[in-house]
Amino acid sequence: MELSLATRTVGEHTVLEVGGEVDVYTAPRLRERLLELIDGGARQVVVDLGRVDFLDSTGLGVLVGALKRLRTAGGSFALVCDKEPLLKIFRITALDQVFPLHPTVDAAVGADSTGSGA
Amino acid sequence: MATVRLSFSPAPVHVRTARLVGVAVARRAGVREDLLDEVRLAIGEACTRAVALHRQYHVPDPVLVEMDDAGSYTVRVIDRAPIEASIGLAALDADQLANESLNEDDLTTGVGFALLAGFVEDLQVRPVVEGVGTEVRMVWPVGR
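Just so you know, the sequences run in chain order W and V.
Mapping to my numbering: the first sequence position 69 is 69, numbers consecutive.
Mapping to my numbering: the second sequence position 22 is 22, numbers consecutive.
In short, the hints are calculated from the structure, not lab data.
Misleading hints may appear alongside valid ones.
Stated by the list, open to error - Quick list of the computed label-pair ranges, beta carbon to beta carbon: (1) V:G143 <-> W:G20: 27 to 37 Å; (2) W:E84 <-> V:D122: 19 to 29 Å; (3) V:G30 <-> W:Q97: 35 to 45 Å; (4) V:D122 <-> W:D53: 50 to 60 Å; (5) V:A117 <-> W:D53: 35 to 45 Å; (6) V:G131 <-> W:G41: 49 to 59 Å.
Claimed, not checked - Covered, in the sense of this in silico footprint (three residues per stretch, anywhere, with C-beta under 8 Å from a C-beta of chain W), are these stretches of chain V: (7) 7-17; (8) 41-50; (9) 102-109; (10) 136-142.
Here the structure is a predicted model, which means the values were calculated and not measured.
In this text, a Cβ means the ideal position worked out from N, Cα and C, and glycines have one as well.
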């Protein structure tokens, strides 16, 4: 399945809903969209991976890039993911220690609002 | 002789095709259903790595993927990049991967190898027997 990207706003958070396959071919589009959002002023970003059915190292690299960029800008970045195969990827790469991971968008927004986001 | 051989020009768009073919052959070979996600990811990572090396070293030759189901399911992903490019692939450990000072390309390479090593129990990375290049060899059991 091709990559799909949709943006919505929840309170002060910008939520990027990602669907389909994030790989070496499609990850540049994800990077571009995240940069557009950040350059456009978004500072509290939540990426919802709920409809992602494939994520590789290139996609993970893009997500880490966005996290670092937002931290530098004084913003926050969190991921929404509740699928075990994807969670296993985060565990194996130790990136579960880098990203705030939440099971739902509400949980991500709530955690960030209480100051425990990245 | 390999059951299925696939060669593709080193472009990111073809990596998905290699994943799809690799999983289709795995299923046909009798690899357990619950391993297929890992097969898909591992073949994708090995091909992504090969494509990146070919592009980095301006090697126009195709990347070769060989799938063999004799006894177990063996996938070999063969690149034609200079050997020295492949050395040090396993250098990043979990702590380094989590280190935020790492640049995106190095992180992606390290993460890719962490995924290969994490998902493939029987993994070998070695120079090709003839000519220039590296072979990533991955083996999964078949449940027949």
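### Contradicted hints - numbers only
Hints 4, 5, 10 are the ones this structure does not satisfy, whereas the remaining hints hold.
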